[in-house]
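If you read the protein sequences in the order shown, they are chains A and B.
At the far end of the first sequence sits residue 156, using numbering that gives the first Met the number 0, and the numbering has no gaps.
At the far end of the second sequence sits residue 273, using numbering that gives the first Met the number 0, and the numbering has no gaps.
Please keep in mind that the hints were generated in silico from the structure rather than gathered at the bench.
None of these values were measured; they are calculated from a predicted model.
Hints are supplied without guarantee of correctness; some may be wrong.
Said to hold, decoys possible - Under the rule of at most 25 Å between Cα atoms (straight-line distance), these lysine-lysine pairs were calculated in the PhoX-like manner:
| hint | chain 1 | residue 1 | chain 2 | residue 2 |
| --- | --- | --- | --- | --- |
| 1 | B | K131 | A | K51 |
| 2 | B | K137 | A | K51 |
| 3 | B | K167 | B | K88 |
| 4 | B | K88 | A | K51 |
What the hints assert, rightly or not - Now the stretches of chain A that chain B is said to cover, found in silico as 3 or more residues with beta-carbon under 8 Å:
| hint | stretch |
| --- | --- |
| 5 | 8 to 16 |
| 6 | 86 to 99 |
| 7 | 109 to 123 |
Ideal Cβ positions, reconstructed from N, Cα and C, are used throughout, including at glycine.
The residues making up each chain are set out below.
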Amino acid sequence: MSDRALRTTMIVLTVIGVGLASYLTYIHYAGIHPLCTTGGSCEEVQTSAYSKLAGVPVALIGLIGYVVILASLLAPANENTRLATMALALGGFGFSAYLTSRELFSIHAICEWCVSSAILMTVLACLAVWRFLRGEAPPVASSGEPDPAAPLTAAGS
Amino acid sequence: MSPASGTESDPTRKQRREQAREQRRAVEAAAAAQAARRTRLIQLGGVIGAVVVIVAVILVATSGGGSSTPKVGHSTSDPEAKTVANLLKGIPQSGNVLGNPNAPVTLKYFGDLECPICKEFTLGAFPTLIEKYVRPGKLKVEYLSMETATHEPEVFKTQQVAAYAAGKQNLGWYFIELFYHEQGQEATGYVTESYLQDLAQQVPGLNLPNWSAARNDPALSEEVTKDAQIVSQQGFTGTPSFLVGKTGGTLTKLEAPNLEEASEFESAINKLLK
Chain A
0 MSDRALRTTM IVLTVIGVGL ASYLTYIHYA GIHPLCTTGG SCEEVQTSAY SKLAGVPVAL
60 IGLIGYVVIL ASLLAPANEN TRLATMALAL GGFGFSAYLT SRELFSIHAI CEWCVSSAIL
120 MTVLACLAVW RFLRGEAPPV ASSGEPDPAA PLTAAGS
Chain B
0 MSPASGTESD PTRKQRREQA REQRRAVEAA AAAQAARRTR LIQLGGVIGA VVVIVAVILV
60 ATSGGGSSTP KVGHSTSDPE AKTVANLLKG IPQSGNVLGN PNAPVTLKYF GDLECPICKE
120 FTLGAFPTLI EKYVRPGKLK VEYLSMETAT HEPEVFKTQQ VAAYAAGKQN LGWYFIELFY
180 HEQGQEATGY VTESYLQDLA QQVPGLNLPN WSAARNDPAL SEEVTKDAQI VSQQGFTGTP
240 SFLVGKTGGT LTKLEAPNLE EASEFESAIN KLLK
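The shape of chain A in the complex, shown without the other chains (with noise of 0.2 Å):
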């Protein structure tokens, strides 16, 4: 996958979050029930006390998570850029991970749109690792495909 489609997938994974965080936090602020396939678990969530973080809503903690990560996806790519998209889709992965131990072991309902939530930012955070681990976007072999040998072979032939 060449850096700038895994970028441009990564960009449609953060807007998507984006849309359910800022659904969640409309949701929260207007004092209305989220649309729930699996009965009162969602509102059971989003009212619990473990829906606000120090008095600020989850929601929107992610939703300002979400656009952050945006803008370090819309930044010029380049090593520091990779590194902060990386740092900041590990950590909404972590806080992703605390809110659904906190949905499965202290409040025992699950809420849909917060599991939709992790699985994006989870599958989120194992592209910026690939992203950032393999660095400069290595030159792309015909068959679109990254030649891990191509910088040294280069250089010789």
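Mind docking chain B on chain A? Use the hints.
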């Protein structure tokens, strides 16, 4: 021969030099790539470590673990504490209000923590109301103080303020519920400082130093006094007394002779929800 061998050897030497240069470049590039990879792995490790630490801190801060875990006396593993924790888990609290702040119906519950009839309601009809109306966000319940069974005004104020102080951490209902669940015999003087401390230690997640500090807040004491003024305005004569109505609208008195059954409360709330 010799010119021929010279023309053959010159390019070979050049080629060898070029090859050596290319090899050197390749080795340098490989070393640089390896160093960059090592740096990235170190950075990845650092980020993962930082995330783990942050999540651990959030977990401890929000779970009532660490210093706010009960140290002596009861713990949440006690049956009463467990019952209360199961009853209230996942329901938002704000001060003395239990339930969704935007709930369409409000119930004001005037009680004395030492009142045995309040205990009858709290352990009788109230859990049904919590599950049926409070948990789904249809009803919010506000607790107000009204002195009846507690004979010493100072003790009354101290115990009610202790509950309101837990409310400052949005855990007031844990304290109120635990008080009723573990209520002693009326007029036996069982409400002592150690009794209140013991109750506070059972409240999951309560920061004890902050709770102790809040108990000295004059605003909480004033709140108990204000509650008494509402009681006298409403002309209530016994506990528990109730006001019910649409949130933001006028609340009316709710008479419920049977406090162990939720049916009278349910019909009043259902009417308001229509």
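Comparing the hints with the structure gives:
1. About 24 Å separates the Cα atoms of K131 of chain B and K51 of chain A, which keeps this hinted pair within 25 Å; it holds.
2. For the given pair, K137 of chain B sits about 20 Å from K51 of chain A by alpha-carbon distance, which is consistent with the 25 Å threshold.
3. Under the criterion of a C-alpha separation no larger than 25 Å, the hint pairing K167 of chain B with K88 of chain B is consistent with the structure, at around 18 Å.
4. Between the alpha carbons of K88 of chain B and K51 of chain A the distance comes to roughly 14 Å, so the proposed pair stays at or under 25 Å and holds.
5. As drawn, the stretch 8 to 16 of chain A meets chain B at 0 residues by the rule of a beta-carbon pair under 8 Å; below three, the given contact is violated.
6. Counting residues of the stretch 86 to 99 of chain A whose beta carbon lies closer than 8 Å to any beta carbon of chain B gives 8, which reaches the threshold of three, so the coverage claim holds.
7. Proximity of the stretch 109 to 123 of chain A to chain B, defined as three or more residues with a beta carbon under 8 Å from a beta carbon of that chain, is not established by the 0 residues found.
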